[in-house]
Amino acid sequence: MRILVCVKRVPITGGKIVLSEDARAIDTRFLGFTVSPHEECAVEEAVRLVEANGGETVVLTLGPPEAEEQLRDAMAIGADRGVLLETDGADWDPQATARAIAEQIGQEEAFDLLLFGNEAADSGDYQVAIRVAHALNLPCVTGVKSIEIRDGRALVKRETAGGWEVFELSSPAVVAVREGINLPRFPSVPGRLRAKAKPVDRVPVKPEPGGQEMVALKLPPGSGKRVEVLGHGPEAAPKVVEVLRSLGMVS
Amino acid sequence: MILTLIEHDRGRLNELSLEALTFGRLLGERLGVTQHALLIGEAAQQIAGDLGGFGTEIVHLAVHDELSEYAPRAWARSLVELVTTLQPGVVVASASDRGAEVMAYAASILAAPLAANCIEVVDAPSDDAWTVTRQRWGGSLLEVARVAAPVKLLTVAPHALLPVRSEAAGATEVAPFTPSLTDGDVAARVTGRVEAGAGKVSLSEAKVVVGGGRGVGGAEGFGRLEELAGLLGGAVGCSRVVTSNGWRPHTDQIGQTGTRIAPDLYIACGISGATQHIVGCRAAKKILVINTDAEAPILTQADYAIIGDLAQIVPAISAEIRKASGG
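In order, the protein sequence lines correspond to chains Z and E. Quick note, the first sequence lines up with residues 3 to 253 if you use this note's numbering. Quick note, the second sequence lines up with residues 335 to 661 if you use this note's numbering.
Treat the hints as calculated values from the structure; they're not laboratory data. On a predicted model such as this, the values are computed, not experimentally measured, just so you know. Positions of the beta carbon are idealized from the N, C-alpha and C atoms, including for glycine. Do not rely on the hints blindly, as some may be mistaken.
Going by beta-carbon spacing under 8 Å, a handful of chain E positions derived as facing chain Z [what the hints assert, rightly or not]: (1) ALA429; (2) ARG470; (3) ALA483; (4) ARG582; (5) ALA617.
With a cut-off of at most 35 Å between alpha-carbon atoms, the simulated DSBU-like pairs for lysine-lysine come out as follows [unchecked claim]: (6) LYS534/E / LYS657/E; (7) LYS227/Z / LYS534/E; (8) LYS220/Z / LYS541/E; (9) LYS657/E / LYS620/E; (10) LYS241/Z / LYS18/Z; (11) LYS147/Z / LYS534/E; (12) LYS657/E / LYS198/Z; (13) LYS241/Z / LYS541/E; (14) LYS147/Z / LYS541/E; (15) LYS147/Z / LYS620/E; (16) LYS18/Z / LYS620/E; (17) LYS147/Z / LYS619/E; (18) LYS657/E / LYS220/Z; (19) LYS18/Z / LYS541/E.
Bound conformation, chain E alone (with noise of 0.2 Å):
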């Protein structure tokens, strides 16, 4: 069998999980075995009924007074109680934020390996160890990995393949347990929360994104790229240098270190493309590079290109799209 760990927030469920309950149904079709899924808190029982369409026979629900704000621990201690009981073969989450944190905790109470952001699973053998391949470098570098467990626990590179729903008719039997925890996991939770200004478009949720990287040239020259942005109701973003000069907030670096990216439409401007960019935007749709070097790194992950001054060409495409909407 397999478990997959389903991520979501006071109920709203994060898209990713949609990635990791894909990769275990895939598997689970090439192994026979069928999959569950684990929601934490009760909360999360309104989107059970969303989870059957992407090939989960029975949703596990886990609930406890103690899992109504997010605790880590709590979510691997649930995790693992669950483990003990079903006995799954492995068990997959996708590597976001909190599905990271709680299956290397998961890990950390089994004493067992993670193989964290994997593409795939290469071979795996009912009584042998699994070879899986995995993401380094944030994607760039890949390796070959044996996993040697009873339980393989394995988190799904962000990304690496898109949610795709089963033909099968999925009917979802929702049960709930209650845990076990004790005052330890709950020793880091959340205690409160800053919501970000209202109205605007978050990065990793954008449609479009407009990136800026040195050809800008300082902080002013992002007041163009905010105007292309707004007209296309995008988020605007920026490259390493562009944060380690000052002249945007790391909240808006795109790349390994920073945010990554999956619009339908990224125009990078004035990007070379070092590696630790072309990690955090290479799940975009489609590219669209404005760069004055033809020879740019970007330009071999770019769909389009416009060669020239950035400073000249993003006005000019702002004013042609309000032409185009008769603004």
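Pulled out of the complex, with its shape left as it was, chain Z reads as follows (with noise of 0.2 Å):
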């Protein structure tokens, strides 16, 4: 089967969010990148799927050059051709993004599975899956944590509060997955050397944007609280079960 990952190259923000001088962007200059966690599933799944049935794998990535190293990285893990479509570095729009995707995976050679990632871990928007599904009229699921291929069939399931829900999808099909669907495995030294080998194709593009315009971004408030220090060690634990009287759930 052939499949198609996409990724996004995101910030290893840490703990702590800086902002660049004009508040548009995160101040990366002392920051490593990676692809948002569930894309990294989504690799680890795709590569997993092609092990099983055959195929092959194609990770895509939008994004600015240096976004090669994270096209690398899903390599060095299996993926086995990478696309770079090849922005200035600028911010691009959900509605941007999806249709750039959406025209490139026209020009390739016909996809049984598209993955994604359920949200950027950055922005956050939680439908550029979806808005390419809708331009090529696939169907797609997101939120999904399993997925079994049976019969040319997707199965696929997602958690709820109360158990899980099961979807059926004929092939082709887009599906966002969650991390948690996988342990993904670490790229091997060989892995890496091979990932150097394999090809990726280049393609400059420009963004047609949408009707969402990101003006600033800041910082949140701080949660304001102060902390009570109740005690050290396990001598504290009375003043615990008084802290759990107050809020009634001790009697």
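Both chains come to you apart, so use the hints to assemble them.
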């Protein structure tokens, strides 16, 4: 089977986000980059499905020239080919992103499955996969934490508060996955070396902006909380029970 | 007019929709317009009466044979049909799984922008683009965005506001309609379910959550947390490090890429408090931290803290609860 996985390059922010001077971006001068966690799992899932069923995994990203690094990471764990929709580094809105991805998919040999992350870690728009599915007139399910291929159909599951929902999709289909669908492998050294030799198509793209535009970024206010230290060590346990009692959780 | 999508599962209301209704009502009061609600599928009729108290004027009910099971595009088609009829200025839904999904489909069909995870409407001129504040990075960063479209589509970030009943008496009229649906609209539809084990408290709905992080030390260490959670009728959760190490299943993860929790009390044991985790537990009413490091970032979110080794403290709390309840 032929699988396409879409990933996004995002900074590794760690504990604290620092903004650039114009407050229109995160200050990434001292940060490394990765792909969003959900997408890391999407790549792993694609590679596993191809290992089990045969075929090819193509990994696609829309981003600056440096996003080749994320394509190589995906190829290091088993993706076969990369496509870089190369931008000048500016932030694209979800409509423009989906349009460019759908156009590129139209240029490629047909895929059986198109995998996305449920939402990008940074912008969190929750919509690129669905917009691409709509543009290509394909069925789509998001939030997926299990994919099974049976007789050319995809049986996908997503978690709900009370259990799991099951959807059965004909192929080709678009599936947006969540972290937890698998535990991604770490790239091996031979895998990294092989990835260097794998092909990457670079396709320059220009945005056709949609109706949403970032004006500025800002940090949310702090919690404003002042912690009350109840004590040190197990001797503080009775204090905890007092708190639980005041909250009505212990009689 | 404001049109708000209400989410339900086979007639069971998703409480996050009450947040969306509250968001919509407050916005409506500000703009001087009324709020209508949309329920999809006949099974939802039973909850129509509960919505009036949250400030809806009319509850529209989409009825169709193909709507007996959840199908995201069929829900979006029903919503878009009503949007075309009513021409609301804005459509609101919670950014829950289904809300985010249906609104993204609706935005695709309407070729319109969708501002996801909004926390406020900053400026809403009747004849121009709106300005909204929305969450990025799971809420650890905010974005002020301009949204230009004839109908503004917004999802509301879960737990960004509390559901509040309207003071005005809500007389709610139910207006059924039958949307036009095609086979393609139900190409993705729920075809089966796996129910969780009976008696297990779900993380997203638990009133008490006991969470463990790297400091728990391994899978076996969670026994102490299970015991405490059991005594309090709560659920056990964990940080991302724990699921990445394979100590707990991913279903237990609290955080940006796991479950967002909103319990009355969250007890965070051996968790330092990376941003990814904080955004998942910040909606807890009270947070009690047990940690060896008095400088750990999670202390900035905490109401109470005990400094020390959780392997001793957690069993001591369990023993004290047993004593207090006469066991």
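Here's how the hints hold up against the structure:
| no. | hint | in the structure |
| --- | --- | --- |
| 1 | ALA429 | 7 Å, holds |
| 2 | ARG470 | 6 Å, holds |
| 3 | ALA483 | 5 Å, holds |
| 4 | ARG582 | 11 Å, violated |
| 5 | ALA617 | 11 Å, violated |
| 6 | LYS534/E / LYS657/E | 25 Å, holds |
| 7 | LYS227/Z / LYS534/E | 32 Å, holds |
| 8 | LYS220/Z / LYS541/E | 32 Å, holds |
| 9 | LYS657/E / LYS620/E | 23 Å, holds |
| 10 | LYS241/Z / LYS18/Z | 32 Å, holds |
| 11 | LYS147/Z / LYS534/E | 20 Å, holds |
| 12 | LYS657/E / LYS198/Z | 63 Å, violated |
| 13 | LYS241/Z / LYS541/E | 20 Å, holds |
| 14 | LYS147/Z / LYS541/E | 25 Å, holds |
| 15 | LYS147/Z / LYS620/E | 30 Å, holds |
| 16 | LYS18/Z / LYS620/E | 23 Å, holds |
| 17 | LYS147/Z / LYS619/E | 29 Å, holds |
| 18 | LYS657/E / LYS220/Z | 48 Å, violated |
| 19 | LYS18/Z / LYS541/E | 29 Å, holds |
The structure shown violates the earlier hints numbered 4, 5, 12 and 18.
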